[in-house]
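Quick note, the sequences are listed as chains A and Z, same order.
Per this note's numbering, the first sequence runs over residues 145 to 346.
Per this note's numbering, the second sequence runs over residues -10 to 189.
It is possible that part of the hints are untrue.
Where chain A lies over chain Z, by a calculated footprint (3+ residues, C-beta under 8 Å) [to be verified]:
1. 12 to 24
2. 47 to 59
3. 66 to 72
Straight-line C-alpha distance at most 20 Å; calculated EDC-like pairs for lysine to aspartate or glutamate [said to hold, decoys possible]:
4. K293/A with E308/A
5. K246/A with D66/Z
6. K174/A with D66/Z
7. K150/A with E174/Z
Sample of chain Z residues lacking proximity to chain A, with all beta carbon distances greater than 12 Å (derived) [claimed, not checked]:
8. L116
9. A127
10. E134
11. I161
12. W171
Honestly, the hints are just simulated from the structure, not real lab data.
From the three backbone atoms N, C-alpha and C, an ideal C-beta is built for every residue, glycine too.
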Amino acid sequence: MDARIKITVLLVGLGILLAFMPNPSSKSFKLKPGELLEKSGSEEIYFSVDEVARFINNEDSTVQLIDLRTADEFRTCNIPGSVNIPFKDLLNPNWSVYFNQKNMRTVFYGNGDQNANVAWTIVTGLGAENCFVMKGGLNEWFKTVMLTKFEGERITPRENALFENRYKAREIFNQINSLPDSLKTKFFDAKRLQRAKLDGGC
Amino acid sequence: MGPISVISSLPEWVNLLIGFIIGIGFGFALEQAGFSSSRKLAGMFYGYDTTVLKVFFTAAIVALVGSQFLSFFGLLDLSLVYVNPYFIGASIVGGIIMGAGFVMGGFCPGTGISALSIGKIDALFFLFGGFAGAFLFAETYPIIENFAISGFKGPMKVDEWMGISPGLFTFILIVAAAFLFWMAELAEKKFSRPGINSEN
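Take the sequences, apply the hints, and build the full model.
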């Protein structure tokens, strides 16, 4: 038989196999229920707002904050450096790049804990590693980082470090969020583009 | 699990090195397939030599089948593979310009470089024209920018647009390719120009 016909028959055969294979883009849980239960029960999946404030202050490039609130809420205010992935849009394949970075810690936050916990469960169940939740969400962020004041008479070194961290994060938060919308949008678009910058051609 | 480089997680020089090595392989394959001859490439348009169609279509199908199987066995995450965004108007106009340049010059950019590397003078002039075009494009970009970015559809995939699974789409494409190859062989017989590919 002519080699070309052999190759054609082989490719058509492989094509028939592929045609009957399940769609790889259809998402299915990779973790077993027991594994997921064990992981979700651990306190290690949480970062406190103080820890997140430290990430912001240190411009920690191994942390990616994911804001799960709506686009409008995100535009009103957000933690600097975070990316907006509205909770309802979580499974959009465009976002999967944020959940599959081995060297990055992905930290979810919403207004409270609920959406962040559910997002953590779904994304971790789908096989993503290094996912975390900012405990208490933005409500806790405002309560602890934005509004607390030291009111005692003498401050211990530990308290001093804690409040210094909060004040610094508060300042960055206010600076970024006081930018006009257009600048903010440009900043985040540029960030996304930078991540997707990989091109090809003939 | 692939892809090897997720959004430039490797140092830039490693990315460039990988590109360099793949580039050498690609150029070598082009040259070995005879694509450094403008007569062979122009033959696609006149029907006397359809090697371009057969080689590129086969390469596309093999890559498609391979990536689907790698994805099925969990070795490649296709959702992380970059897909070029689609701009309707720019794609059509760009395609026409590229096609016209292809048939007039007898090369596409990759084969032009491949041909220049073995010392073809026509490829030198072809690439000079290509760079002049790129310069013109860059200089006139502010004027054509609105058109260039109009009709943005994002990273579209044909199987998603058709609403079928990637596997089924691959199968349809293989059958289409086999049919086209058969047609191409018929065309080669009908429009044959004996001796045109000889370099003498």
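message = To test your reading of the hints: which numbers does this structure violate?
response = Checked against the structure, the hints that fail are numbers 1, 11 and 12, while the rest are satisfied.
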